[in-house]
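J.: Residues per chain, in single letters:
Protein chains: 4
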Amino acid sequence: MKQTRTAKTETTRRAFISNGGLLLAGTVLASSTAAETKANSGAFAAPAPAPQQDLAALRADLATANHILYDQGVVDGYGHVSVRHPANPNHFLISRWLAPDMVTDADILEVDFDCKPVSGEKARLYSEVFIHGEIYRARPDVKSIVHTHAPAVILMGISGETLMPMYQMTGYMGTGVPLFDIRKAVGMTNMLISDVVRAKALVQTLADKPAVLMRGHGGVVTGSSLAQAVGRSVYMRVNAELQVQVLGKKMTYLAPEEAQLASNNDYPKDWEMWKRKVADRRA
Amino acid sequence: MKQTRTAKTETTRRAFISNGGLLLAGTVLASSTAAETKANSGAFAAPAPAPQQDLAALRADLATANHILYDQGVVDGYGHVSVRHPANPNHFLISRWLAPDMVTDADILEVDFDCKPVSGEKARLYSEVFIHGEIYRARPDVKSIVHTHAPAVILMGISGETLMPMYQMTGYMGTGVPLFDIRKAVGMTNMLISDVVRAKALVQTLADKPAVLMRGHGGVVTGSSLAQAVGRSVYMRVNAELQVQVLGKKMTYLAPEEAQLASNNDYPKDWEMWKRKVADRRA
Amino acid sequence: MKQTRTAKTETTRRAFISNGGLLLAGTVLASSTAAETKANSGAFAAPAPAPQQDLAALRADLATANHILYDQGVVDGYGHVSVRHPANPNHFLISRWLAPDMVTDADILEVDFDCKPVSGEKARLYSEVFIHGEIYRARPDVKSIVHTHAPAVILMGISGETLMPMYQMTGYMGTGVPLFDIRKAVGMTNMLISDVVRAKALVQTLADKPAVLMRGHGGVVTGSSLAQAVGRSVYMRVNAELQVQVLGKKMTYLAPEEAQLASNNDYPKDWEMWKRKVADRRA
Amino acid sequence: MKQTRTAKTETTRRAFISNGGLLLAGTVLASSTAAETKANSGAFAAPAPAPQQDLAALRADLATANHILYDQGVVDGYGHVSVRHPANPNHFLISRWLAPDMVTDADILEVDFDCKPVSGEKARLYSEVFIHGEIYRARPDVKSIVHTHAPAVILMGISGETLMPMYQMTGYMGTGVPLFDIRKAVGMTNMLISDVVRAKALVQTLADKPAVLMRGHGGVVTGSSLAQAVGRSVYMRVNAELQVQVLGKKMTYLAPEEAQLASNNDYPKDWEMWKRKVADRRA
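Protein chains in written order, with my numbering: chain A, 10 to 292; chain B, 10 to 292; chain C, 10 to 292; chain D, 10 to 292.
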């Protein structure tokens, strides 16, 4: 029997990935109180620089998130996940062009909103990295983004029905997940968000919601922490797998007020479990 | 080829987890005969104290049950399982706040019906521990409880149709599993049974049945032993996965008398197999 | 990369498990030619006794078949598989009461048609062992039997529709698998074939077909070799998983003549692959 | 954490399995430029002979492709994959008669269009090897072929509906995958493409499309590289698993122009990931 690996020394790192529903990654580093954090959450006014060891831990967590998303059926060879830089809110961390399950800490790049690696290095990026840049630019509340390829999510996006919250794990879906149809926005394409124009159109449909489906492609899920974006995308996959079985049938989805009351979830128990699971797989 | 691990020395421990359809965990320790046990089953009149080694074995079995429930798709990061204390029927054993697959023997707490750890320790408990406290309080026949999060069970709970027994493994469902709608009981909530009022409302819908679904949340399964509650919850998952595929279609479910005749099952072969499977996974 | 393990020394043993569509297990030992075998197939007239090492190999293959059936989703903690004794057609080999995945060579018993262990030992048998005894008694052509618990097979059995062959792997189903409803045969029960009366009723519905479904319970698949019974039960599972998704919809099943032309299959490539898979799992 | 294994020394080999959407396996060896390659793609005019080490690497990749197809649910004990010989376009490489997951480099044979091993050896071939011979003969653009047995693909083939592209991963399906009904072509059979007549009939239905379904049997997927044929067959499986859940319902499939724009995909990220996955499984 292996022991739970969460030790006291991981507390700081975990503040990046999970904000307890209150703290924001970017300000935890500045040792703000929860109250201060809430007040500052849109501003990111000059937080203290992140110590190097914390950033290294965040890179490790982002690599782990890549593995979890593969292990949990959210991504296949495609799809990606990013996290906003805790010290510089105009930057974000994302892997170079690699299947998520292949990503290691060393593959994580720091990128600006124009999707240029800040180090100036010439690593190949995901052709759809613009999804991340434009959402971070438009939505200061968003700290992490997952681009999902879960098959059932794709089926929901072409079904003509709205993905609806079935239980408290997907309360964040509120009154339903909006649908982005790239054809209506920019005409005939290869379906990819491979430039800024397409990304801005996607952001417009996302608006102030936590997630958006993409017709004939997948979806995007945001969160106020890495663990939240990952957890939301896993439970979106589960919820969609259920809903595709009952298309055309009347279900009792969460009432809007129930969804709202259940929407504040960082999935902390899941994160530790999923993390151990992918670690065991590679052991 | 690994050998079957069930050895003679495990006989006593197994009496706790599986009562052969006749013995009750709380009285096995007092060395009652099956006949005496049946007569006393509601009373729990002063059984002899459980020897420490037996309690240690039961804690180990409860940790194993946590792993089995994860492995068998009954729980994810959420959901929980408890067992009534064999020597003190007013107490029960349950893990502290942890994803079921992460639970170890050391995480098992002894808790009273008010959901206070009897040792007085300050461990964080599941926010929904009240499910267990109130059911044990109201139902002396219940020796073990599983709170299931199986996705198909959740879908059945919002489908407008009743979960019905399809085969002899789910005969315990009788004429169908009742549905608890928290909104009708206590209004708009985050769907969680996070206090005594909600738990008592759930108990009212459960009534004298072995299980209850919870709309937009999951379900609760009880048993006269740990192995029975676990086995029932696994086969509820299987049964629900089948039934969600045929919503709106006419099936021939077990007749009430067939269900009754098939309801006495402790799933002993499954328990040993599931136990070895999770042990192999951790090896 | 592991090498394929099929070596020359396994040829003899494989004659028991797979008859290449022509040889019958019971007569291979007597070194009959295929033509003789066909002529004798109903008679089993005094074949030479099986050498002990061949019988040991057959016990090992039967244990392997138990593991394969679990691994392939045909059985869970329940269900069983047997093979007719190659030298004594009035006996068959079957595990004692154990979950299939727990069975080892040492658990295999030799049993007569009245379901008594021929050694006189008092091992606990499956309560439904009568399925095997009565089918072997009534059907000399049957050399191996699987009692399946595959969930989709159970759903087909209560759906009001007939399980039909979808592709060449299930050609043996011919014009459809008959359905046994225990209630019509013997009234209200716990659904189990736990005595000779029930078993004889089941045999009547099976008639001269290779398989039969059991309403609210599972099914039985027979074969002219162990590998054939196993292969047929695996592909029955696959076929049923497909068909339950299209209940009420019109599909183009195999025409009766196509099914007939495709029915002669011993699944030899599958057997070697499934065998290695379960061996790797235990390694 | 294991490191990504793609090293510089693998670049040459990878040119065989994946042509980057431009290069063709047969001409890469002749060091043609991409432009020359395009011009020559139908001709295969006297390419330089493949160095032995490259051919050995291609055999290894073909064995790996066999394992990937099993691991990804495209084949079971049946189904097969081949690749056109890079130096001799009138030959192709394919395993001898073995379940795909059992294939090793040493099992790969070089075969001509009449399906004779060119070495003259007497290895048993797949009874359906003619699928490969006749497609390579008729379609110089095809460099690799997968014969799929994915269950959902089989269900689509008997459903009366056309398999349609749901998202950019299956854009190659264009306006839908054609269906071959062997009965209409050659009458009642065992469903197998076990001779040249049946294979030529299949090729006629395939015409200039990248894939074809076979009623009551499976399907065939072609590609301009090994990685493309494998990737297409994996995503055909995913797409079919989704579509069988919505038979009879109106979905928004890719528009023909969208499918066309998305059809140029070699699935390079998937290939590396799938390859590591099967390597880890055997480790």
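Don't take each hint at face value.
What the hints assert, rightly or not - Here are the simulated BS3-like pairs of lysine-lysine, each with C-alpha atoms no more than 30 Å apart in a straight line:
1) K218/A to K193/B
2) K259/C to K259/D
3) K209/A to K278/D
4) K286/A to K131/B
5) K258/A to K258/D
6) K259/C to K278/D
7) K259/A to K125/D
8) K258/A to K131/B
9) K259/D to K258/C
10) K258/D to K125/D
11) K125/D to K193/A
12) K125/D to K131/A
13) K259/C to K193/C
Said to hold, decoys possible - In silico negatives: residues of chain B with every beta carbon more than 12 Å from chain A:
14) Q61
15) D85
16) A96
17) F122
18) G129
These aren't lab readings, by the way, just hints derived from the structure by calculation. Every residue, glycine too, gets a C-beta built ideally from N, C-alpha and C.
J.: Each hint: holds or not?
T.: Hints and how they fare:
1. K218/A to K193/B: Holds, at roughly 29 Å.
2. K259/C to K259/D: Holds: K259/C and K259/D sit about 17 Å apart, inside 30 Å.
3. K209/A to K278/D: holds, 26 Å
4. K286/A to K131/B: At roughly 28 Å apart (the allowed maximum being 30 Å), K131/B and K286/A satisfy the hint.
5. K258/A to K258/D: With Cα atoms ~12 Å apart, K258/A and K258/D stay inside 30 Å; holds.
6. K259/C to K278/D: violated, 39 Å
7. K259/A to K125/D: violated, 59 Å
8. K258/A to K131/B: violated, 47 Å
9. K259/D to K258/C: Distance of about 15 Å is within 30 Å: holds.
10. K258/D to K125/D: Violated, at about 46 Å.
11. K125/D to K193/A: violated, 53 Å
12. K125/D to K131/A: The hint is violated at about 49 Å.
13. K259/C to K193/C: holds, 29 Å
14. Q61: Non-interface label on Q61/B holds, nearest chain A Cβ at 20 Å vs cutoff 12 Å.
15. D85: violated, 7 Å
16. A96: At about 25 Å from chain A, A96/B clears the 12 Å cut-off, so the statement holds.
17. F122: holds, 25 Å
18. G129: Nearest chain A Cβ is 23 Å from G129/B, so the label holds.
Of the numbered hints listed earlier, those contradicted by the structure are 6, 7, 8, 10, 11, 12 and 15.
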